[in-house]
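We have chain Y; now place chain P onto it with these hints.
These protein sequence lines are chains Y and P, in that order. Start counting the first sequence at 0; every next residue gets the next number (numbering that gives the first Met the number 0). Start counting the second sequence at 0; every next residue gets the next number (numbering that gives the first Met the number 0).
Warning: the hint list may mix true and false statements.
[To be verified] Here are the computed lysine-lysine pairs in the BS3-like style, where the Cα-Cα straight-line distance is at most 30 angstroms:
#, chain 1, residue 1, chain 2, residue 2
1, P, K77, Y, K84
2, P, K32, P, K77
3, P, K27, P, K65
4, P, K192, P, K232
5, P, K32, Y, K35
6, P, K66, Y, K84
7, Y, K84, P, K27
8, P, K66, P, K27
9, P, K27, P, K124
10, P, K232, P, K32
11, P, K32, Y, K84
12, Y, K84, Y, K35
Keep in mind the hints are simulated off the structure, nothing from the lab.
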Amino acid sequence: MFELHLFQRAFLACIIIGFTNGYTSGFVLLNRSPLKLSALSHSLLPGIVLATMLVGLTVLSAFGGAVIMAVVIGVLSLLLARHSKLSQDTTLSILYTGAFALGIMLLNRLGKADELEHWLFGNILGLTELDLWMSFGIGLLAVVMLTLFQRPVLLTLFEPNVAQTLGVPVRWIQYGSFTLLILVLVTTLQAVGCILSIGLIVTPGATVRLFTNSPRTLFLASGILGAVGAALGLCLAYYVDLPAEAGIVLTLTIFFLFAFLFKAIMSLIRKNIVA
Amino acid sequence: MKTNDCGDTHCAHTHDLSLSEVSANYGKTTVLKEVNFSISCGQRMAIIGPNGAGKSTLLRLLANLKKQATGEINWQEKPLSQWSHEIAYLPQVDSHQRDFPITVREVVAMGRYPQVGFWRKFSKKDQEKVDGALHIMEIEDLADRQIDALSGGQQQRAFIARCLAQEAHVILLDEPFNGLDAESRTHLAHTLKMLADQGHLIIASHHNLETVTRLFDYALVVDGAQVAFGESKQVMQMPEVNNLFHCSHY
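Next comes chain Y alone, as it looks inside the complex (with noise of 0.2 angstroms):
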């Protein structure tokens, strides 16, 4: 299968894509958003679909406006909760489920219905080069940042006000996590599409969670876990014939069932020891 040129492609894609999705996951368990993600990656697809009205579709023109409506909805929830009595929960809510639904009415009117099912499950056999590079470019940032930043990232997650009296930046750390986070999801979103998005960039870090109290550990070792993940569903996929993003998002979870089976086995292991 590694002589197939698609394969190779989707293979590379997985390492990258798991690596960078598994190193943020630490971010986004930490930030406790990953409903607020699952939300946001849903509001994506107007985006893409008013790019391909506007300019028609390429692959940069269905990044740009999945970038332009993510950050527009993310924003626009964040000033709505800070300007009214609602939360952001509640405000993103609302706004993702109308731009999800302005994204499938903007579809059907284009009479591009079909393509539909590749933004909701990915197609990442189809990726081509240029994703590819653009996944590489994203994710070498959001790496770089996450571990440049860490320290006024962590303060910032765990008291902001204090992080702010202690001469953290703490509005443009929110803002930049914030719109990497989207970044990260734009490149998933090709990859395994809307709807499995939120496993390749939650589960990780949730798996890793289990065994480890420090968030260096957590941020590296769910990128491993993201990329060994990622792989290894790819060819399981192939080997079984199944989807292969199915594959993925199935693989880091079955990871995540085994490691919370494993810890409960040793704590009652270690229970009984003591007793």
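This is chain P only, laid out in the frame that chain Y set:
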């Protein structure tokens, strides 16, 4: 002014925190106005008042988390905003994110961030400051424990240790006695007294009127505006203060 061992020459008689005609708004609503007081290092001051009177807002102004709408807040006769490293802020004990993977030592080390910045490694001096703060607060044996594995009182000591590691002269505490058991309350009271004796200025919002005179040297009473300020024993005898608390839903 009491004898101090803040570690430098900051704490002198001129080392005052002074507020002059300070007011604060949320949007177009004024929530606090006409705040005027001046206080030196080595004192413990309580901010008291009914719910929604502006206690937390005043603390946020002092912590540089909010800008005053009018007036001046000076520390050593210069705007307080220029002295952010001198001010340590402790929100209510449950305000940090739960289940965050962080040890007590790492929490205390956060106090050194203004000195070490985002990237620089901790120097020997920074490590010594962290160790010293853990020692003063008697939590060395808890240093490697996760912060959320501790009781409320122990967490409070860790957060105060962070202020000490920061080398802050002014320590602001939002309702520090809330949610603590009797033993932790006693320990915290001793700690605040010790810090004041060392020359720190302690300012805390507080809601238990019965303990104000015992725990604090000075009291500032607010109710949307300053009602009274002075030595706590005198303030608690003032008719306007008694009227305020008897007439409000305190």
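Going down the list of hints, with the structure as the test:
{"no.": "1", "hint": "K77(P) - K84(Y)", "in the structure": "violated, 37 angstroms"}
{"no.": "2", "hint": "K32(P) - K77(P)", "in the structure": "holds, 21 angstroms"}
{"no.": "3", "hint": "K27(P) - K65(P)", "in the structure": "holds, 15 angstroms"}
{"no.": "4", "hint": "K192(P) - K232(P)", "in the structure": "holds, 16 angstroms"}
{"no.": "5", "hint": "K32(P) - K35(Y)", "in the structure": "violated, 39 angstroms"}
{"no.": "6", "hint": "K66(P) - K84(Y)", "in the structure": "holds, 22 angstroms"}
{"no.": "7", "hint": "K84(Y) - K27(P)", "in the structure": "holds, 16 angstroms"}
{"no.": "8", "hint": "K66(P) - K27(P)", "in the structure": "holds, 14 angstroms"}
{"no.": "9", "hint": "K27(P) - K124(P)", "in the structure": "violated, 47 angstroms"}
{"no.": "10", "hint": "K232(P) - K32(P)", "in the structure": "holds, 24 angstroms"}
{"no.": "11", "hint": "K32(P) - K84(Y)", "in the structure": "holds, 24 angstroms"}
{"no.": "12", "hint": "K84(Y) - K35(Y)", "in the structure": "holds, 18 angstroms"}
Comparing the model with each earlier hint shows violations of hints 1, 5, 9; every other hint is respected.
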